[in-house]
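J.: If you want the building blocks of each chain, they are given just below.
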Amino acid sequence: MTHPVLLKVEGLTKHFGGRPGLFRAQRPVLRAVDGVDLVVHRGETLGIVGESGCGKSTMGRLLVRLLDATGGKVEFDGVDLLSLKGRALTAVRRDLGMVFQDPWASLDGRMTVRDIIAEPLDIHRAATGADRRRRVAELLDVVGLPASAADKHPHQFSGGQRQRIGIARALSLRPRFIVLDEAVSALDVSVQAQILQLLGDLQAEFGLTFLFISHNLAVVRNIADRVAVMYLGRIVESGPTQALFDAPRHPYTQALLSAIPVPDPERPRRRVVLKGDVPSALAPPAGCRFHTRCPIAQEICRQTPPVVTVGPDHTAACHFADSPLTAS
Amino acid sequence: MSTEDILADPAVDAARPRPTQGYPRLRRLLRHRLFMTGAIILVIVLLATLAADLIAPYSPLKNDFRYRLGAPNAVHLMGTDNFGRDVLSRVLYGGRTSLAIGLMVVLASTFFGTLIGVAGGYFSRLDNPVMRLMDALMAFPGVLLAIALAAVLGPSVLDVVIALTVTYAPRTARIVRAAVLVVRRMEYIDAARVAGAGHLRIIWRHVLPNSLGPLIVQMTFIFAVSILAEAVLSFVGVGPPPPTPSWGNIIADGRSYIPSAPWISLFPGLVIAITVLGVNLMGDGLRDVLDPRLKLEGR
Ligand SMILES: Nc1ncnc2c1ncn2[C@@H]1O[C@H](COP(=O)(O)OP(=O)(O)O)[C@@H](O)[C@H]1O
Ligand SMILES: [Mg+2]
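Residue numbers (our numbering), protein chains in the order written: chain A, 16 to 343; chain B, 12 to 310.
For reference, chain A alone in the conformation it holds in the complex (with noise of 0.2 Å):
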């Protein structure tokens, strides 16, 4: 990938609870996302994967200003993202766009197909009239819908079409980013493959930028152009999908990728099993964070946070990511 840069990421923090209200006692912090670097190519799809709760979701919702951050900076095409307030954050919302897990409850089932497709040019006083009718015919054939939908409700479609609707409402504006937040991870697996393959179709066609969030590793290698890996909110490697997935630095993602069934019986992957379950986000190890689960972790590891080891577009956070010790 030599594509520049669209949106970069440094240090990106979210915390949760804390601040104790009028009302209420202080919570403890909990760290969802807690240091995360990235960065996303124009015209690319970056999958991020990692175990439910490690903070995939929230990251997300950071990126499409959903959600505010704690600390770090996010870089969208030149602009301070998370510095941008009123009319300048409405201005750069046209420019981002997410599709969401739950094919149900992303729709309001109050509103027809019509008015769901083109919430996002009402709010922006995009289109009106017949000028919003042609607007949504056309987003219901890229999105392979007949253009009768447009006056139905929700509920008459399946999972895989109202993923669809989904998909449409958010290519509204024309956005060049789009957060996909588990967008197929309700779908049967035959429906998952049709949407994977619009998605890259709609990719082609109008230049989109995608950061693929999903914990189903198989659907990840299918669509991703680079994959980051998140534990305890932060990346631990990241790098091109082929190199990610042929050749994992970080224990972590070793752990995960042998866990899935090999495809290739002459390339046997050494089973790495992990010890215990992810430490709560409440108090996240000292040190390496994945040090308590590590089957490698030395005394380093419990001390030192390991410096993020670049390769060619290939970091892996591990204080022995060249060592024989990790290379299976």
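The set of hints was computed from the structure by calculation and includes no laboratory data.
One or more of the hints may lead you astray.
Claimed, not checked - In silico SDA-like links for lysine to any residue, alpha-carbon gap of 20 Å or less:
id, chain 1, residue 1, chain 2, residue 2
1, A, 100, B, 211
2, A, 290, A, 313
3, A, 167, B, 211
4, A, 100, B, 209
These numbers were taken from a predicted model, which means no experiment stands behind them.
Given chain A, work out where chain B with the ligands should sit, using these hints.
T.: Just chain B with the ligands now, with coordinates in the frame of chain A:
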């Protein structure tokens, strides 16, 4: 934990509530026997009251001492009261006062209850202070609070409406808040927010329409309970003032004559009972159709 279940389904997202869908309910409502029975009763009472000018045989206010405390007969179908006034005419006209009070209390408590409930449910910062105040108001048994307020405010239709609104709006607020808390977490709200929708738009276009179900049922409940409460307020002397009739004050006026002329209080009492029954049947029907699990706030 083995690595197989390491990537189990994202439970945080899966736990989100699901929205209700579409409008298949209107047809179910029209086929709901109890609802339709209640609706017919209410329509008859409403029409009779509205047409009082046409169908009332006498003036509700005209005294005729020749016929004091007359038993029901062919001329005075519901008899006459201690001033010789025709009870049927007074019941027909009194319905205007009682139903108007019910309607005004429903409108006012729905308006304020919704405002407060949305404020608390949607804006988490307001939730605690606002709802603690509502809890404080609800700590009093409903009718007692209304009596105390009406006694302070004085006897007039408007004061009765205010007293009952202060009493029932907090109950509406609680119900609306509960509905809003669920709707607020829907992903379609997030979708609107990503697109740049403001709070007012989100509340108006998404939160309110999706919180209406429980609210409509609550409105029928408040209507019925206000009609009853008007009678209670009249009975303790803080209801709508005579001589303008209301169902409550007709009953209250007749109470000294119950041994000798029970019809004075009996007929308006029956009409109240029938009306409340009709409204409650409608409420039950609505609840069946809108949300079978919904529980009403008690009195
Ligand atoms: N609004 C919130 N308030 C408090 N905690 C939250 C909130 N949203 C998410 N969290 C917590 O943040 C952590 C990360 O959650 P999330 O980003 O949803 O993870 P993922 O999408 O990877 O499953 C979890 O521990 C979750 O409980
Ligand atoms: Mg998630």
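J.: Now, for every hint given, state plainly whether the structure supports it.
T.: Right, here's what the structure says about each hint:
| no. | hint | result |
| --- | --- | --- |
| 1 | A/100 to B/211 | holds, 18 Å |
| 2 | A/290 to A/313 | holds, 15 Å |
| 3 | A/167 to B/211 | violated, 26 Å |
| 4 | A/100 to B/209 | holds, 13 Å |
Checked against the numbered hints given earlier, this structure breaks only hint 3.
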